[in-house]
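Peer 1: These are the residues of each chain, in order.
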Amino acid sequence: MSEGFHFYTQYHLVEVLGLHTRNPGELLEGIKAVPASSIYYHTHRFLQQHHYLSPEPPNDFAFWLMDIMHLNSLGEEFLSIDTVHYCNLEDLREKFQDILEEYLSNGGSNTDCLPGFEFHFLACKTFVLPMPYVAHNLTEFAEILKKVSIRALYFHMFEARMRLGVPDNDFSQWLKSLGEKSLANKISRLDPYNMTLESLRKKIIRMVEDRVQS
Amino acid sequence: MSRVDDYRAIVGDEEVDELYLLAERLRGKAVQNINSTAIGGGVAEILSRMVPLLRDLGVDAHWDVIKGNEKFFTVTKNMHNALHGLNVDVSENDLDYFLEVNRQNSEDLDLFGDIVFIHDPQPIGLVEKRTHNGNKWIWRCHIDISEPQKSTMDFLRGFIDRYDAAVFSAPRFARSDVATRQILISPSIDPLSEKNRDLPKAAIDAVVERYGLDRDRPIVTQISRFDYFKDPMGVIEVYKKVKNHIDCQLVLAGGGATDDPEGPRVLDQIKSAAQSDPDIHIIYLPPSSDLEVNALQRASTVILQKSLREGFGLTVTEALWKAKPVIATSTGGIPLQIRHKHSGILTYSIAGMAHYLKEVLSEPECAAKLGLNGREHIKNNFLITRHIKDYLCLFISLYHEEDMVHL
Chain A
30 MSEGFHFYTQ
40 YHLVEVLGLH
50 TRNPGELLEG
60 IKAVPASSIY
70 YHTHRFLQQH
80 HYLSPEPPND
90 FAFWLMDIMH
100 LNSLGEEFLS
110 IDTVHYCNLE
120 DLREKFQDIL
130 EEYLSNGGSN
140 TDCLPGFEFH
150 FLACKTFVLP
160 MPYVAHNLTE
170 FAEILKKVSI
180 RALYFHMFEA
190 RMRLGVPDND
200 FSQWLKSLGE
210 KSLANKISRL
220 DPYNMTLESL
230 RKKIIRMVED
240 RVQS
Chain B
253 MSRVDDYRAI
263 VGDEEVDELY
273 LLAERLRGKA
283 VQNINSTAIG
293 GGVAEILSRM
303 VPLLRDLGVD
313 AHWDVIKGNE
323 KFFTVTKNMH
333 NALHGLNVDV
343 SENDLDYFLE
353 VNRQNSEDLD
363 LFGDIVFIHD
373 PQPIGLVEKR
383 THNGNKWIWR
393 CHIDISEPQK
403 STMDFLRGFI
413 DRYDAAVFSA
423 PRFARSDVAT
433 RQILISPSID
443 PLSEKNRDLP
453 KAAIDAVVER
463 YGLDRDRPIV
473 TQISRFDYFK
483 DPMGVIEVYK
493 KVKNHIDCQL
503 VLAGGGATDD
513 PEGPRVLDQI
523 KSAAQSDPDI
533 HIIYLPPSSD
543 LEVNALQRAS
553 TVILQKSLRE
563 GFGLTVTEAL
573 WKAKPVIATS
583 TGGIPLQIRH
593 KHSGILTYSI
603 AGMAHYLKEV
613 LSEPECAAKL
623 GLNGREHIKN
633 NFLITRHIKD
643 YLCLFISLYH
653 EEDMVHL
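Each protein sequence line maps, in turn, to chains A and B.
Residue numbers 30 to 243, in my numbering, belong to the letters of the first sequence in order.
Residue numbers 253 to 659, in my numbering, belong to the letters of the second sequence in order.
Among the clues, some could well be false.
Unchecked claim - Dumping the calculated SDA-like pairs for lysine to any residue here, alpha-carbon to alpha-carbon at most 25 Å:
| no. | chain 1 | residue 1 | chain 2 | residue 2 |
| --- | --- | --- | --- | --- |
| 1 | A | K231 | A | V113 |
| 2 | A | K175 | B | L273 |
| 3 | B | K593 | A | S102 |
| 4 | A | K175 | A | K205 |
| 5 | B | K593 | A | C142 |
| 6 | A | K175 | B | E267 |
| 7 | B | K381 | B | L646 |
Note that these hints are calculated values from the structure, not bench results.
Go ahead and model the full structure; you've got the sequences and the hints to work with.
Peer 2: Right, dumping it as structure tokens:
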């Protein structure tokens, strides 16, 4: 018999690394130098800060390159990275490096931004906190998912997979242990980086409720 | 006074429940906040709301204020201006006096906190009294020190490096030449405070009438301390450029703080600049005028914030929370609050601000959309409940080295 699903929530405390860049070349050096928690922060921040607005660029690098530097083609390279396919921050870092190295070796513009518009590298410390909610079946799971904060949803869908090196999101792993392989796979196939967290919550709840009623 | 549970209706049960869960992790730790003024200005305002709410959550939070005379606050105002990059003279004698007052306060104050939380430069020197008995010290910098005068910054750095962490309001305020851990925490507003709570129409009308404003014509307002960095003279120029095309009124309303001796001089200057125009309303508000500020913001058609330098710009936060279209200079923490043409307008000059003011006054539907997006952004990111959560995490982080903390 499977164990119940224990819900956790998480918080980020943002740290400033005191490192900033003015052009794509410096961005490359920065991406090479910063800790993995900084790559994580800059590729996941938007998900939590703009959860009620439309989906935002999936990483801060794309935003800076496009909105500040007006390097739209380079920015779109960053924008289109399929973050969901990376289980590991070092692979993601390497992908960013490859894009910038190719851009610079092809003679891409490397002029400085205006003063005051530099890219500032940040990082985050994560606090994981157990919540007093345990689901023992699909019905309970859907009911709890309706009432937890989006930070709890975020933790189980993103944080565990990307920072704890777990191969799949927590929900799918638990569902598989219940024998709900098809439902688990459906949730795994969602691209959570391309929708708001509220949309993601609704989609998962609907999938679970449909399964309960089937 | 508001209780933590009162915020459930605004931010949801789940947000408030999680605050209680986090606060439990701080049981047994006394948090002692220290700043330089009990009344006036953003820091005192945040502390007056934050400390009771932390206590309501079960955190043993306290707030003390250092004592200083006019000479001390003149020195600290000069230091403040120098840290903002102005070319002002802060002499060796001034710095000696600053240290003397800090040392006197460190004798008078009982620095009992397990976590001593010092706000802004005025009391920064209290850290000299730090004893290494396991207590933690945090310095909270509420101002922009990204381009400071070197000598004043060098003086300050000697103190900052003795803290366990330094907290800044915007990424660009942080320093690459500071050795201590640097944390980013945006300030916040309290949606239930007198300054931000919903007001009945009658209360707004009464304030509008009291100050002789005409509700039938657009009201353009800047609420700020009377301070050179808020550029009230620039606001008058913006208004004059727009007034040629649109018949509007300008309100410049604000007060002073007990640690700011510059205010009366600035007020006199703008009064004389506005003398000949009956549609420019200069309103000096005493510290207890939160209701008036609230009503003036709500009665306004557009809110301006033409700061030359800014800490975070909480007056912008307040205006956005009231779903007002805001046109502000892109300085300090303002770009964190406004995405240009989505949740407000960012400008860089008097000409630019005048251009956008005409546009916003001429397009009320677009103006309303800017205001609504702005309110949503503030709700998600800049209310006091998020701020409390960040502070709780900050306090807890002092006892954990690792990147991923399982509580």
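Peer 1: Are K593 (chain B) and C142 (chain A) close enough, with their CA atoms no more than 25 Å apart?
Peer 2: 21 Å, holds
Peer 1: Does the structure keep K175 (chain A) and E267 (chain B) at a Cα separation of 25 Å or less?
Peer 2: Status holds; Cα separation ~13 Å.
Peer 1: Given the hinted pair K175 (chain A) and L273 (chain B), is their alpha-carbon gap at most 25 Å?
Peer 2: This hinted pair holds, its Cα atoms lying about 19 Å apart.
Peer 1: Holds or violated: K593 (chain B) and S102 (chain A), Cα atoms, limit 25 Å.
Peer 2: Distance of about 23 Å is within 25 Å: holds.
Peer 1: If you draw a straight line from the CA of K175 (chain A) to the CA of K205 (chain A), is it 25 Å or shorter?
Peer 2: 21 Å, holds
Peer 1: Is the straight-line distance between the alpha-carbon of K231 (chain A) and that of V113 (chain A) 25 Å or less?
Peer 2: Holds - the C-alpha atoms of V113 (chain A) and K231 (chain A) are around 19 Å apart, at most 25 Å.
Peer 1: Is the straight-line distance between the alpha-carbon of K381 (chain B) and that of L646 (chain B) 25 Å or less?
Peer 2: 22 Å, holds
Of the numbered hints listed earlier, not one is contradicted by the structure.
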